[in-house]
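Engineer: Please build the complex by placing chain B on the supplied structure of chain A, with the hints as guidance.
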Amino acid sequence: MTEMFSTLFGQNEAQGPPGSSSLGFGPSKPPPPLPQSQVPLAAQMPPQLGDEGPALRKPGAMNEPFYLLRELPVGNELTGNTNLITHYNLEHAYNKFCGKKVKEKLSNFLPELPGMIDCPGTQDGSSLRSLIDKPPVCGNSFSPLTGALLTGFRLHTGPLPEQYRLMHIQPPKKKSKHKHKHHRPQDPLPQETPSDTDPKKKKKKRDDDPDRKKKKKDKKKKKNRHSPDHPGLTGSQPNSSSLR
Amino acid sequence: MAEKFDSLEEHLEKFIENIRQLGIIVSDFQPSSQAVLNQKLNFMISGLQDVEKCRQQLHEINVPLEVFEYIDQGRNPQLYTKECLERALARNEQVKGKIDTMTKFKSLLISELSKVFPEDMSKYKAIHGEDASSL
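Here the protein sequences line up with chains A and B, keeping their order. Residues 1 to 244, numbered by our numbering, are exactly what the first sequence covers, in order. Residues 1 to 135, numbered by our numbering, are exactly what the second sequence covers, in order.
Rather than coming from a laboratory, the hints here were simulated on the basis of the structure. Bear in mind the structure is a predicted one, so any value in this text is a computation, not a measurement. Built from N, CA and C at the ideal position, the CB exists for glycine as well.
Derived coverage of chain A by chain B (criterion: at least 3 residues anywhere in the stretch with Cβ under 8 Å from a Cβ of chain B; other residues may be distant):
1. 91-103
2. 118-132
3. 148-161
This is chain B alone, in the form it adopts within the complex:
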């Protein structure tokens, strides 16, 4: 998986570097630079072809649209990953808290019901087994 990304990264880096050099040539153009400019333009096209080839290898990669929003706002996309992980952990803790509370409530309810309705609760335990109170 990482090799696919490495290949794309390499091609993109080369492409960006070529564009940067093109920008420098164009910013103060000299008559002698025309041949180099033509070469760079064709190199840009071959760079686009390389990137296009990488697309076929990365079909199954899904990128969340929110990441694009971060990039569009000039923010580090790693912040999105960070926020996702923090949010996941917070939700995980919330759910765990709810499950723990409900488990405690259930065992307490069963023990109290066993005091008040011992016969019924013994039948209940016969259906669900001894694990009824532990779950």
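In isolation and in its complexed conformation, chain A is listed as follows:
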């Protein structure tokens, strides 16, 4: 075997298999003497790899030409070979989040939350990170405020200064645009009929109307016929007669 490998793969394989005793595989064929410079592969390996020993080998393989032979991996082990999203029943979540576009802003996720929540939390010190890094110093329980404690919350009448009115500022919502988009397909009028409410549509329809174009053309012709420069109408034209 060694000779065959050496003839095929050159001098590197000429050193032959290192002795199984050096690998901890038990008594076997004595290894051929190695020169000092040529260290067997297993000897170069770290002990945790090289010293795993006979447990990895099948008993039948002890006297075979194979060494460093390990058990094959178990076939039913869960690996990346299987679709893990399907395996863990996450198709629904995948389709939900990856099938359609997820809106970028936090206010789209929490639409009912008051205030400007799309601004970075580091700007006004309201970040969750700061809550973790510097947890607030507080007691273990929450107790209701009694009469004496409530005197500390007696406020002056009048409006708040401008800088403290952030609570009521809401991010602009694009509801009207959405409404428009959603209502278009539900338009009761058929597409062929020009809608009176949509001036753009009407204008476009007017320009494209072939009857109107025809009328315009004929009107122009009629005008030219009556003009002094016009050579005159020689024959009967079906188009002109239809106008009269």
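Structural biologist: Leaving out everything else, chain B in the frame of chain A:
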């Protein structure tokens, strides 16, 4: 599991609504509003107590810290879930590709070795069985 979250969500919604109303009262304070303000303050405390009670039911819930980063940046936290799923699928495909390639390589190597070293390979197959080439 969902009931625990529903309860917490409900308490948080009530708490936020109470805070919003408190904000409105405070923004243009009238002398007659003091009693309502006191009531709202105590309602806020009871709201905090309710949230505190929910904490005991949600001990085993782990939230990735990256989600907090998304929220702090004013981004939708669902984007994090989306990116996680996309990343998982991409890695899954990469690993599957590697496994498929290695399987093909192994079967090819075994078939070629069987041509060149038929005796040795028959011994090898005797050790590992016929499944050696298929795995």
